[in-house]
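Once you have looked at the hints, place chain G on chain X.
There are 2 protein chains.
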Amino acid sequence: MSLTVVGSIAFDAVETQFGKRDRLLGGAAVHFSLASSFLAETRVVGPVGDDFGEVEYAVLHNRGVVTDDIEHVPGGKTFFWAGRYERDVNIRHTLQTDLNVFEHFEPKLSEGSRAADVLFLANIQPDLQYAVRQQCNPRFTALDTMNLWIDIARESLLRTIGTVDCLIVNDSEVKDLTDEPNLVRAARAVMELGPRVVVVKQGEYGSAMYTAEGAFGLPAYPTADVVDPTGAGDTFAGGFMGYVAAHADEEISDELLRRAMAYGTALASFNVEAFGTERMQALRADEVTERVSELQRVTVFDASPVPLRT
Amino acid sequence: MSLTVVGSIAFDAVETQFGKRDRLLGGAAVHFSLASSFLAETRVVGPVGDDFGEVEYAVLHNRGVVTDDIEHVPGGKTFFWAGRYERDVNIRHTLQTDLNVFEHFEPKLSEGSRAADVLFLANIQPDLQYAVRQQCNPRFTALDTMNLWIDIARESLLRTIGTVDCLIVNDSEVKDLTDEPNLVRAARAVMELGPRVVVVKQGEYGSAMYTAEGAFGLPAYPTADVVDPTGAGDTFAGGFMGYVAAHADEEISDELLRRAMAYGTALASFNVEAFGTERMQALRADEVTERVSELQRVTVFDASPVPLRT
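For the record, the sequence lines run as chains X and G.
Residue 7 in the numbering used here sits at position 7 of the first sequence; the count goes up by one each step and never skips.
Add 1000 to the 1-based position in the second sequence for the numbering used here, that's all there is to it.
So here's chain X without its partners, still in its complex pose (with noise of 0.2 Å):
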């Protein structure tokens, strides 16, 4: 039932065509624990600044995640991103990054988050993210990265993903991984480094799963206004990584794992209807369960056998 997330804990500015935030609360850790908090007690690892104070930390309380491996660096100021979203949210272009705190963040976890079922490491350093492996022995352990660390870091990077379960990237990030542009093979080359669970993140279009038992496909839930799609990726992450967590006593099945995917896309579908966490705090639990049930909706149709002309 325990699940550790270790990642960013930010600040973000945030411009698209719905409007402008200057300081929201942000980083991968957040958005994937307020997500994994509907399904599992999560415990985030991740420094900030003394720009973090008690507004930030009871957004996290008021979900339940404990913020105990939370490291307060005095004197120092938490991490800050600035992006800006074309009316095409699908560009992105980001404006400033300060790492601050996280520049010279070793994670040190607590007995209570070595002990984890489920570990996710969200995108950090590789290097970080193997010492925070080496730390604990969870049941199952999923990473994400992105392309800067493929580009200057492929090799720390791929010993990381040796030591994983599963790998949850965009669809971008895999075939650059791999260096393969069809994503059966991506998907394939990616298990030959260990994990034998690889889901592809594709934005608009949905997500995919590969396994050895083969693939499984689920659109996004359709949305007509995305207003910030910041963090919809590690929403995306926490829902199906909680779903795991809150399933301790089944078998980590294809059939759990396709649910758990059901569930990450809900929740990142509420993500993205408003800016920064607004909307992940607002949310409630029978709004996640009817999405759920919605989106299946989206997904049926009758495979019966026609009569064919030969």
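The set of hints was computed from the structure by calculation and includes no laboratory data.
Note that the structure is a prediction, hence the values are computed from the model and not measured.
You may find that some hints are simply not true.
[Said to hold, decoys possible] BS3-like, lysine-lysine: derived pairs with alpha carbons at most 27 Å apart: (1) X/K175 <-> G/K1020; (2) X/K175 <-> G/K1175; (3) X/K20 <-> G/K1175.
Positioned in the frame of chain X, the structure of chain G alone reads:
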């Protein structure tokens, strides 16, 4: 039960990482009818030149396609297209387009073609599509187009779209047509032009359908070796429209159209497995039925509610 398609009949020269072919039977109407013929008797309307001979007719006749309205232009040459796909088959370079007999094509439909229950207007100049539509009174008409017509014949295209029940286009085309980067909004904008069904082809990501009732998403069948993607979209349309034509006694409900998309997707997944029409010529009905079942296995998940933390 009767289905008419108006569109290009072509010879293609294609180069992919799997090899090179100088003269393949191709064209939208050909790819379409080889797929639709598994479901409904299909009549092809389009022009050919002296170079279109018994061998090419035989490919269509072997699938029971009615070629009476294939117009032979004496002294003419058949439409020719040459293209090269990169290793990432999503990137296509058109090397040559010779309109040939297509340049002065004016569709003339026989009594049999005009009487079709279901009509598909493959991608040709929109005034020609309009002229065909005016000659018929089908139960269900769908139209494909391309960015060229969106750019240079927009008014003609909009007038023609206003006369059809369904638009079947690529992702980028529907976004360009409506100047709307969000797919849900783009589909709504199309519905305001007339069609009540919008089918969006998304290549490796699958397809989506939008109607007044809501959205449907269907992943592509996962294929590791895309030998030649030429004609995949037309093959999809052939399966989709063929399914509708085969169920003339049923109301054209969302449920029926979803099943139609599954047949389109399954058929398209075969088309890309070999160059040109090679795979479709060898395809057996039982393989189609089996792949539709496989497609469902690739997409199902259990959406049962689970306890959530509030």
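Taking the hints in turn, this is what the structure says about them:
With a CA separation close to 25 Å, the supplied pair X/K175 and G/K1020 stays within the 27 Å bound. Restraint check: the Cα-Cα separation between X/K175 and G/K1175 comes to about 25 Å, which is no more than 27 Å; the hinted pair holds. Under the criterion of a C-alpha separation no larger than 27 Å, the hint pairing X/K20 with G/K1175 is consistent with the structure, at around 25 Å.
Of the numbered hints stated above, none is contradicted by the structure.
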